[in-house]
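Respectively, the protein sequence lines represent chains H and E.
Numbers in the working numbering are just positions in the first sequence, counted from 1, shifted up by 19.
Numbers in the working numbering are just positions in the second sequence, counted from 1, shifted up by 5.
No wet-lab data here; the hints were simulated from the structure.
Just to be clear, a hint being listed does not mean it is correct.
These stretches of chain H come out as covered by chain E in the derived footprint (C-beta under 8 Å, 3 or more residues) [unchecked claim]:
id : region
1  : 82-91
2  : 129-139
3  : 145-155
4  : 195-207
Negatives, chain H to chain E, calculated, CB over 10 Å [said to hold, decoys possible]:
id : residue
5  : V48
6  : F68
7  : I72
8  : P108
9  : S225
10 : L227
11 : E228
12 : F232
13 : K267
14 : A315
A virtual CB, placed ideally from N, CA and C, is assigned to each residue, including glycine.
Listed below, chain by chain, are the residues.
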Amino acid sequence: MEGINQFLNFTGFANATPGHLIMITIGLVFIYLAIKKDYEPLLLVPIGFGILIGNVPFIENVGLQIGIYESGSVMNYLYYGVLKGIYPPLIFLGIGAMTDFSALLSNPKLMLLGAAAQVGIFATFIGALALGFTQPQAAAIGIIGGADGPTAIFLASKLAPELIGPIAIAAYSYMALVPVIQPPIMKLLTTKSERKIRMKPSRSVSHLEKILFPIIGFLLTTFISPGALPLLGMLFFGNLLKESGVTKRLGDTAKNSLIDIVTILLGVSVGASTQATIFLTPQSIMIFILGALSFAVATAGGVMFAKFMNLFLSKDNLINPLIGAAGVSAVPDSARVVQTIGLKDDPTNYLLMHAMAPNVAGVIGSAVAAGILMSFLMHLL
Amino acid sequence: MIDTLQIADSIKTAIDTAATAINSPDNFDELTFSLDNIVKGNGILITVIGYVVVFTALLVLYLAIAQVSKILISRTRKKLEASGLAGQMQKENLDISGEVNAAISMALHLYFEEAHDFENTILTIKKVQRPYSPWSSKIYGIRQLQRK
Numbered sequence: 020m021e022g023i024n025q026f027l028n029f030t031g032f033a034n035a036t037p038g039h040l041i042m043i044t045i046g047l048v049f050i051y052l053a054i055k056k057d058y059e060p061l062l063l064v065p066i067g068f069g070i071l072i073g074n075v076p077f078i079e080n081v082g083l084q085i086g087i088y089e090s091g092s093v094m095n096y097l098y099y100g101v102l103k104g105i106y107p108p109l110i111f112l113g114i115g116a117m118t119d120f121s122a123l124l125s126n127p128k129l130m131l132l133g134a135a136a137q138v139g140i141f142a143t144f145i146g147a148l149a150l151g152f153t154q155p156q157a158a159a160i161g162i163i164g165g166a167d168g169p170t171a172i173f174l175a176s177k178l179a180p181e182l183i184g185p186i187a188i189a190a191y192s193y194m195a196l197v198p199v200i201q202p203p204i205m206k207l208l209t210t211k212s213e214r215k216i217r218m219k220p221s222r223s224v225s226h227l228e229k230i231l232f233p234i235i236g237f238l239l240t241t242f243i244s245p246g247a248l249p250l251l252g253m254l255f256f257g258n259l260l261k262e263s264g265v266t267k268r269l270g271d272t273a274k275n276s277l278i279d280i281v282t283i284l285l286g287v288s289v290g291a292s293t294q295a296t297i298f299l300t301p302q303s304i305m306i307f308i309l310g311a312l313s314f315a316v317a318t319a320g321g322v323m324f325a326k327f328m329n330l331f332l333s334k335d336n337l338i339n340p341l342i343g344a345a346g347v348s349a350v351p352d353s354a355r356v357v358q359t360i361g362l363k364d365d366p367t368n369y370l371l372m373h374a375m376a377p378n379v380a381g382v383i384g385s386a387v388a389a390g391i392l393m394s395f396l397m398h399l400l
Numbered sequence: 006m007i008d009t010l011q012i013a014d015s016i017k018t019a020i021d022t023a024a025t026a027i028n029s030p031d032n033f034d035e036l037t038f039s040l041d042n043i044v045k046g047n048g049i050l051i052t053v054i055g056y057v058v059v060f061t062a063l064l065v066l067y068l069a070i071a072q073v074s075k076i077l078i079s080r081t082r083k084k085l086e087a088s089g090l091a092g093q094m095q096k097e098n099l100d101i102s103g104e105v106n107a108a109i110s111m112a113l114h115l116y117f118e119e120a121h122d123f124e125n126t127i128l129t130i131k132k133v134q135r136p137y138s139p140w141s142s143k144i145y146g147i148r149q150l151q152r153k
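The following block holds chain H by itself, in its conformation from the complex (with noise of 0.2 Å):
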């Protein structure tokens, strides 16, 4: 009878909190959301599911060894590699060796946009500071602006990582939401004539140039900012090794079996991370909270940032001020909502490789920022 009692003890019903329920909800809905609404599906089902391992509720530390936060579990073995900023850096090879900077080599100017966009993480930051987190909660909170999921977790391991699973999965619930968070300040920043601007076509890049690319922009900016060396390291290499022409064996594997094997184990382990007891804080509505507005501004910097670029542009040379937009990276989700939101107004106006410039340049941008803010605040830790 004892032993009845006890193992009803340990199963989840006898465990199940409110706050678990909460959990498995959203699980279900980000699922939901995947399967049914095509939002990041292979980011959202693995977090999903993730979401739904973590909570399903058991006696803690009684030395089963199954929760994610407890040491020896499988869960917690996998975790490590987020909490020690294992994987973002190689999901960031995966990104290289899938980019074509093409349309950013065509256009260079086009790459202060990716640059303007960033003014999400920075204000963001001042809110979070004005809602009392330290700074480096704060700078960690932030980089949700830079709409770069890998960026976010690998500046919150190192920077706060008692709040990385409230920022992933708010950074990841974003970036799917981009095409619903977007549009209306794209269509209120910008008249109907500015949306309806024609770009000059991009010029052909040559070889060279695009095995340049990835040597000279990593020697920059890492020099300039060298926290984000493990983040740009990797995105640059990954680049060289599609670009170069002789390393397609390991381009394809980094672009392909590489990034998804470190996407389901990034995308679950965050996904467990958010175990009730953990995650359900105050502290973690506001960083939605947050993290909406930091998409919102950021959208709106590159856009604006687009419409003053146009002041000083000759008019054969104008920029649409939608592609500003894709700034935010979220690569590349924010140029299709670019692409998608211009062809209303003007059937004939593709904007989808324009608005890819200021979206690679964003990925570098957001890295730069969390370089940048690690390099700041590391004292403090």
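Given chain H, put chain E in place with the hints provided.
Quick look at chain E alone, frame taken from chain H:
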């Protein structure tokens, strides 16, 4: 008989514990909005310096890439001039429109996929071997699958 009261008690205790953790006033106390926090945390200084450095990094990269492109284009121009093909470097040859790019890509795709009008006349019959194994034997199969 299972002690249902004990189970109900443990569920109630667990719910109360979680609710207390979620609504802990200590957590709320930690988050107090104040503009002084920005000043104390050097928020403005870090923001200004950080944003300027991000801009500088990408501006330097822009200038470097723009210069490299110019150097490479002028080098190619010189090479072509030396070989008497300077006309190849006209502006209209450099800026290829999206439509032309799409047509070239389509042609290459069809070529590499061999989806062309003239089929290859060399046909090869591949020998497919299915060696017998009791693991794949239909005789020992649980279900007899219908053959199409």
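Hints, one by one, checked against the model:
1. Remark: the region 82-91 of chain H is not confirmed as covered by chain E, as 0 of its residues place a Cβ nearer than 8 Å to a Cβ of that chain, below the required three.
2. Closer than 8 Å: that is the beta-carbon criterion, and the region 129-139 of chain H has 7 residues meeting it against chain E, so the requirement of 3 holds.
3. Counting residues of the region 145-155 of chain H whose C-beta lies closer than 8 Å to any C-beta of chain E gives 8; at least three are required, and the coverage claim holds.
4. A count of 0 residues in the region 195-207 of chain H with a Cβ less than 8 Å from any Cβ of chain E is obtained; the coverage claim is therefore unmet, three being the minimum.
5. Residue placement check: V48 of chain H keeps its beta carbon more than 10 Å from all beta carbons of chain E (closest about 19 Å).
6. Once the 10 Å rule is applied to beta carbons, F68 of chain H is consistent with being away from chain E; the minimum gap is 22 Å.
7. The beta carbon of I72 of chain H sits about 18 Å from the closest Cβ of chain E, which is more than 10 Å, so the claim that it is off the interface holds.
8. Here P108 of chain H stays apart from chain E, with its beta-carbon at least about 18 Å from theirs, past the 10 Å limit.
9. The beta carbon of S225 of chain H is not kept farther than 10 Å from every beta carbon of chain E, the shortest such distance being approximately 6 Å.
10. Separation of L227 of chain H from chain E is inadequate, the least Cβ-Cβ distance of about 6 Å not exceeding the 10 Å criterion.
11. At the 10 Å boundary, the C-beta of E228 of chain H falls inside the reach of chain E, the nearest C-beta of that chain being 6 Å off.
12. Distance check on F232 of chain H: its Cβ comes as close as 7 Å (rounded) to a Cβ of chain E, failing to clear the 10 Å threshold; non-interface status is violated.
13. Against chain E, the non-interface label of K267 of chain H holds: every CB pair exceeds 10 Å, the least being about 15 Å.
14. At roughly 17 Å from the closest C-beta of chain E, the C-beta of A315 of chain H stays outside 10 Å, upholding its exclusion from the interface.
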